[in-house]
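Asker: Mapping of the sequence shown onto numbering that gives the first Met the number 0: residues 0 to 390, in sequence order.
Simulated from the structure, these hints should not be mistaken for laboratory data.
Remember, it's a predicted structure, so these values are computed and weren't measured experimentally.
No farther apart than 25 Å at their CA atoms in a straight line, the calculated lysine to any residue pairs in the SDA-like style are these:
no.	residue 1	residue 2
1	81	102
2	90	102
3	85	104
4	122	209
5	122	88
6	56	43
7	122	10
8	81	113
9	122	159
10	187	31
11	56	144
12	122	9
13	160	175
14	90	53
15	56	84
16	90	59
17	160	25
18	160	126
19	187	198
20	160	34
21	90	211
22	122	142
23	90	61
24	122	205
25	81	124
26	90	114
27	122	89
28	160	68
29	90	73
30	122	76
31	187	199
32	81	94
33	85	123
34	90	106
35	122	175
Distance windows between CB atoms, simulated:
no.	residue 1	residue 2	range
36	271	209	38 to 44 Å
37	76	269	42 to 48 Å
38	205	152	27 to 33 Å
39	349	269	47 to 53 Å
40	198	101	38 to 44 Å
Yeah, the Cβ is synthetic: ideal placement off N, Cα and C, and Gly gets one too.
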Amino acid sequence: MSRNSSGRLNSVFYAESYHPIQAGSIDGTDVLPHDNAVYRAHLCSSAGLYDPFGDPKAVGDPYCTLFVGRLSHFTSEDTLRKAMSKYGHVKNLRLVRHIVTGASRGYAFVEYETEREMRRAYKDAHHSFIDDSEIIVDYNRQQLMPGWIPRRLGGGLGGRKESGQLRFGGRERPFRAPLRPIPLDDLKRLGIPPPPEGRYMSRFEVPSPPRRGQGLLDKEEGSYRSSGNREEHTHKRNSEDREDRVHGRSPDDTLDHSYDKSSKEEHRHDKRRHKDREFSNRKSSVELEEKRHYRSSVEKEETVRSSLDGEERSCKPSSIDDDGRVKKRSRRSSSEREDHKERDSSDREERHHKSRSRDEKECSYERHKHRETIHQREGKRSISRDYPSDY
Numbered sequence: 000m001s002r003n004s005s006g007r008l009n010s011v012f013y014a015e016s017y018h019p020i021q022a023g024s025i026d027g028t029d030v031l032p033h034d035n036a037v038y039r040a041h042l043c044s045s046a047g048l049y050d051p052f053g054d055p056k057a058v059g060d061p062y063c064t065l066f067v068g069r070l071s072h073f074t075s076e077d078t079l080r081k082a083m084s085k086y087g088h089v090k091n092l093r094l095v096r097h098i099v100t101g102a103s104r105g106y107a108f109v110e111y112e113t114e115r116e117m118r119r120a121y122k123d124a125h126h127s128f129i130d131d132s133e134i135i136v137d138y139n140r141q142q143l144m145p146g147w148i149p150r151r152l153g154g155g156l157g158g159r160k161e162s163g164q165l166r167f168g169g170r171e172r173p174f175r176a177p178l179r180p181i182p183l184d185d186l187k188r189l190g191i192p193p194p195p196e197g198r199y200m201s202r203f204e205v206p207s208p209p210r211r212g213q214g215l216l217d218k219e220e221g222s223y224r225s226s227g228n229r230e231e232h233t234h235k236r237n238s239e240d241r242e243d244r245v246h247g248r249s250p251d252d253t254l255d256h257s258y259d260k261s262s263k264e265e266h267r268h269d270k271r272r273h274k275d276r277e278f279s280n281r282k283s284s285v286e287l288e289e290k291r292h293y294r295s296s297v298e299k300e301e302t303v304r305s306s307l308d309g310e311e312r313s314c315k316p317s318s319i320d321d322d323g324r325v326k327k328r329s330r331r332s333s334s335e336r337e338d339h340k341e342r343d344s345s346d347r348e349e350r351h352h353k354s355r356s357r358d359e360k361e362c363s364y365e366r367h368k369h370r371e372t373i374h375q376r377e378g379k380r381s382i383s384r385d386y387p388s389d390y
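Can you build the whole structure from these sequences, using the hints too?
Answerer: Here it is in structure tokens:
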């Protein structure tokens, strides 16, 4: 399928890098500058006279910074901050003013706390009104677009004058599909990038701003996997993707907070493991104490029984020689029997009390075990709720 087919006549495309001659062409196929401003921008670009990072006032994260243009000259910093705070927390704001008069130049740079808030404002604030003036919004091309030349040096994008001062390739005036055969040899000889293949879009689609380099994300993922929680990470990613599909959220919204959530999940799991270890240690200590108490009670009962058996043997009459002696011994034996009965009754009461306490301890131990099993089951159920069985 050729570029001049009818399917692409109404389509547009956006370039990733900036070239002054290409920006001055409606379809990105010019090989010569058609006005003096484009020629001046081409000279600045080829000679390297402009440094996009040389502005000391351009501070902050460029991926969280938004360009706001076509502002009213009566708009102040407070009015602009109030209008742009609807899309997120504004961290820094710089309204560009004239160096001599101090009057507003009609554009500003707004830095948000997160990239998610910047993307929200990039999508929703375009063509909104501030002080009865329709504004345009774009990402920070000064630091994120290679080869950028500003408007004051003959570059830039957009424009309102139809008499040859327009610049193409931006969000407001994108490149059109090539209307004639592309001079690839001439473009290559002059160092002009050719129109891109396969990235044509409809005019009503919103072009996405550039993302952060994949190297940073790869490093973060590598450090996370090296910690030994690869399964938890994949499970969390799958659950978040499922929630995003259900709630209709884009992956750009969850890109910034995915690793914060993963760190929170790791902290929760560590706390749960620490609690399980403490509970198991307490359980083992309670079991040892109960076993020791049970053994000591059994030993005491055995010693009491042995002492009672010795007393019964000593209470029996050893010999019956005379009548008087037999009577005395019988009297003594009767008194000793009564004492022995009283001792037996007291010993029985003590044994009954000890057996009762031992039964109560065993019941409490069984209840404690039952409670532990219930807590373990509830912990497994909570873990199963955190990790659904579908994954």
